[in-house]
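Just so you know, the sequences run in chain order A and B. Throughout the first sequence, residue numbering follows the working numbering, covering 1 to 266 in sequence. Throughout the second sequence, residue numbering follows the working numbering, covering 1 to 321 in sequence.
For the record, the hints were derived by calculation from the structure and aren't laboratory data. Please note: incorrect hints may appear among the correct ones.
[Said to hold, decoys possible] Short derived list, chain B residues pointing at chain A, Cβ under 8 angstroms:
| hint | residue |
| --- | --- |
| 1 | Asp200 |
| 2 | Cys227 |
| 3 | Thr251 |
Using N, Cα and C, we set each Cβ at its ideal position, and we do this for glycine too.
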Amino acid sequence: DRSNLAGVQHIVLVLSGKGGVGKSTISTELALSLRHSGKKVGILDVDLCGPSIPRMFRVQDNDVHQCDSGWVPVFVDQDKSISLMSIGFLLEKPDDAVVWRGPKKNALIKQFVADVAWGDLDFLIVDTPPGTSDEHISTVEALRPYKPLGAILVTTPQAVSVGDVRRELTFCKKTGLRVLGIVENMSGFVCPHCSECTNIFSKGGGEELAKHAGVPFLGCVPLDPQLSQSLEEGRDFIQEFPKSSAFPALAHIAQQVLDASSQQSS
Amino acid sequence: MAEAAGGPLPEECPGPRSAQAGRAAACQGCPNQRLCAAGPAAPASAEAAEVRERLRAMRRAVLVLSGKGGVGKSTFSALLARGLAAGGAAQYVEENLGVMSVGFLLSSPDDAVIWRGPKKNGAEQAFSTTIYVPGRLSILSLWLIKQFLRDVDWGEIDYLIVDTPPGTSDEHLAIVQYLGAMRIAGAVIVTTPQEVSLQDVRKEISFCRKVKLPIIGVVENMSGFVCPKCQNCNTLIFTLSQNESQIFPPTTGGAEKMCQNLNVSLLGKVPLDPRIGKSCDSGQSFLAEAPDSAATSSYRSIIQRIQEYCDQHHLQEEKII
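Build out the structure end to end from the sequences listed, making use of the hints.
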């Protein structure tokens with residue numbers, strides 16, 4: 001029995017100790033950037049309480065179907081270059097809360113990891129919920145046999161966020177997960193009216209943490225209303241807004257992931 | 001529709017707290033069946049009595065919830081507590097305020113709390129010391145719930161503000177069960193304006209209704225931003241709304257529309273202000289540090305509405321008694 005992950009070249013986890021810092025955003029934009037470099041990408045959304053990924057690709061109303069090898073992931077367009085799996089697709093009523101206890105959540109994650117017929121992918125990006133919990137342990141353990149490339153840790157610049165991400169770094173160390181680097185998201189906002197830059201959520205905390213912890217710093221992504229709008233509407237920000245303020249940073253993050261992956265392959 | 005990990009799909013699941021928990025037809029084969037059938041992580045009557053004793057002077061518990069992470073629950077909890085402690089006075093009153101958080105119990109800032117469900121809710125071995133917390137108001141961070149409720153010497157408090165992690169999980173169930181025996185005024189739900197947040201927040205509202213937790217109202221945080229340079233120009237020439245940026249755009253009508261649709265109260269909208277994050281990072285009170293900010297006025301008005309709700313609730317209860 002060929003494992004469903006046998007055709008996946010590189011697995012990247014997107015983590016954060018803190019909620020709302022942009023894990024799903026970074027997962028989405030990384031997938032879109034990699035697609036633009038000609039790669040086939042899958043996203044596995046293991047956030048069971050707050051599955052954001054389907055909406056970010058405008059496929060929140062899609063159903064999932066089964067085939068002989070398991071579940072068929074949802075393709076975002078005819079191209080079939082990006083495929084998704086999320087509990088969001090299993091919820092008939094999207095406003096229903098998923099209030100499951102630990103064992104069922106863990107079982108579902110194991111199933112998501114093992115039973116989705118991804119086929120051949122260059123990259124599988126795993127978007128996680130915030131924190132260090134059951135879901136994270138289950139995810140890392142289920143993925144361990146497939147030797148993930150590593151984890152990207154997302155933070156916002158201010159101390160309260162960085163404080164939680166330090167703990168996430170500990171989690172990575174304890175579980176033997178390589179840290180590809182830290183992204184400092186929501187780092188500065190340039191006012192479209194007067195071009196003044198304001199550090200709404202402070203500045204520099206992510207970069208400092210990377211230095212302190214001895215892990216790569218992948219870059220600062222500024223606040224960009226066009227990015228927020230694209231995510232709301234499920235649009236391809238990388239394709240449609242290459243001149244927008246967040247674009248260079250997002251493209252740079254994708255390039256560093258590509259570089260790391262070519263080192264793993266060789 | 002595809003089968004999800006043996007056992008019921010979300011809409012067929014009777015829920016871990018229902019009378020049918022673990023016993024419904026749909027529960028067959030579910031990994032949680034035995035756990036649910038054994039009964040929820042409800043406090044034993046002795047434990048519940050201990051919690052009631054500890055918190056006997058507490059007038060009101062207010063839970064601060066959100067389906068979504070990073071919307072400002074902790075920020076809001078802290079400011080709500082400070083606002084209530086100051087009793088309307090402009091300055092921040094330290095001796096009225098006590099805080100309990102797992103953060104105090106970790107020996108290093110790098111320590112991660114990596115426990116699986118059951119241990120989080122009843123970690124008997126881990127923290128058994130009684131910790132004295134001065135003050136009449138307290139903020140509780142939602143870890144080690146039983147320990148924090150039972151083993152912290154809360155003393156005489158008027159309000160217990162419970163800051164929670166995002167989502168709808170074991171911790172949320174536990175806190176509602178433990179405090180259910182007490183006087184919960186209700187929940188304040190925090191969101192940001194965009195649909196990506198609202199879609200999670202609607203789940204939280206549905207959770208509150210399922211567990212019969214009254215909803216005091218919704219706060220829309222990070223609602224608009226006027227940069228400081230524009231603000232200076234604005235005071236001279238333009239009106240504020242002209243140079244406002246919607247960094248987190250309310251593409252589906254924001255909290256206002258959601259509240260209308262779901263028949264909950266909108267307590268207020270708080271704009272972004274870089275001084276909020278700075279105050280949080282330095283442990284200062286934003287309300288005291290930036291009394292002139294539009295965000296401060298919003299916070300104060302929201303806190304007042306919460307206080308009025310709690311007072312009214314308290315009065316109604318007294319009448320019944």
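> Quick one, is the B/Cys227 hint okay against chain A at 8 angstroms, beta carbons?
Replying inline: 4 angstroms, holds
> Is the interface hint for B/Asp200 satisfied, with its Cβ closer than 8 angstroms to some Cβ of chain A?
Replying inline: 4 angstroms, holds
> Once the shortest beta carbon distance from B/Thr251 to chain A is found, is it less than 8 angstroms?
Replying inline: This interface hint holds because 4 angstroms falls under the 8 angstroms limit.
This entry satisfies every hint, going by the numbered hints stated previously.
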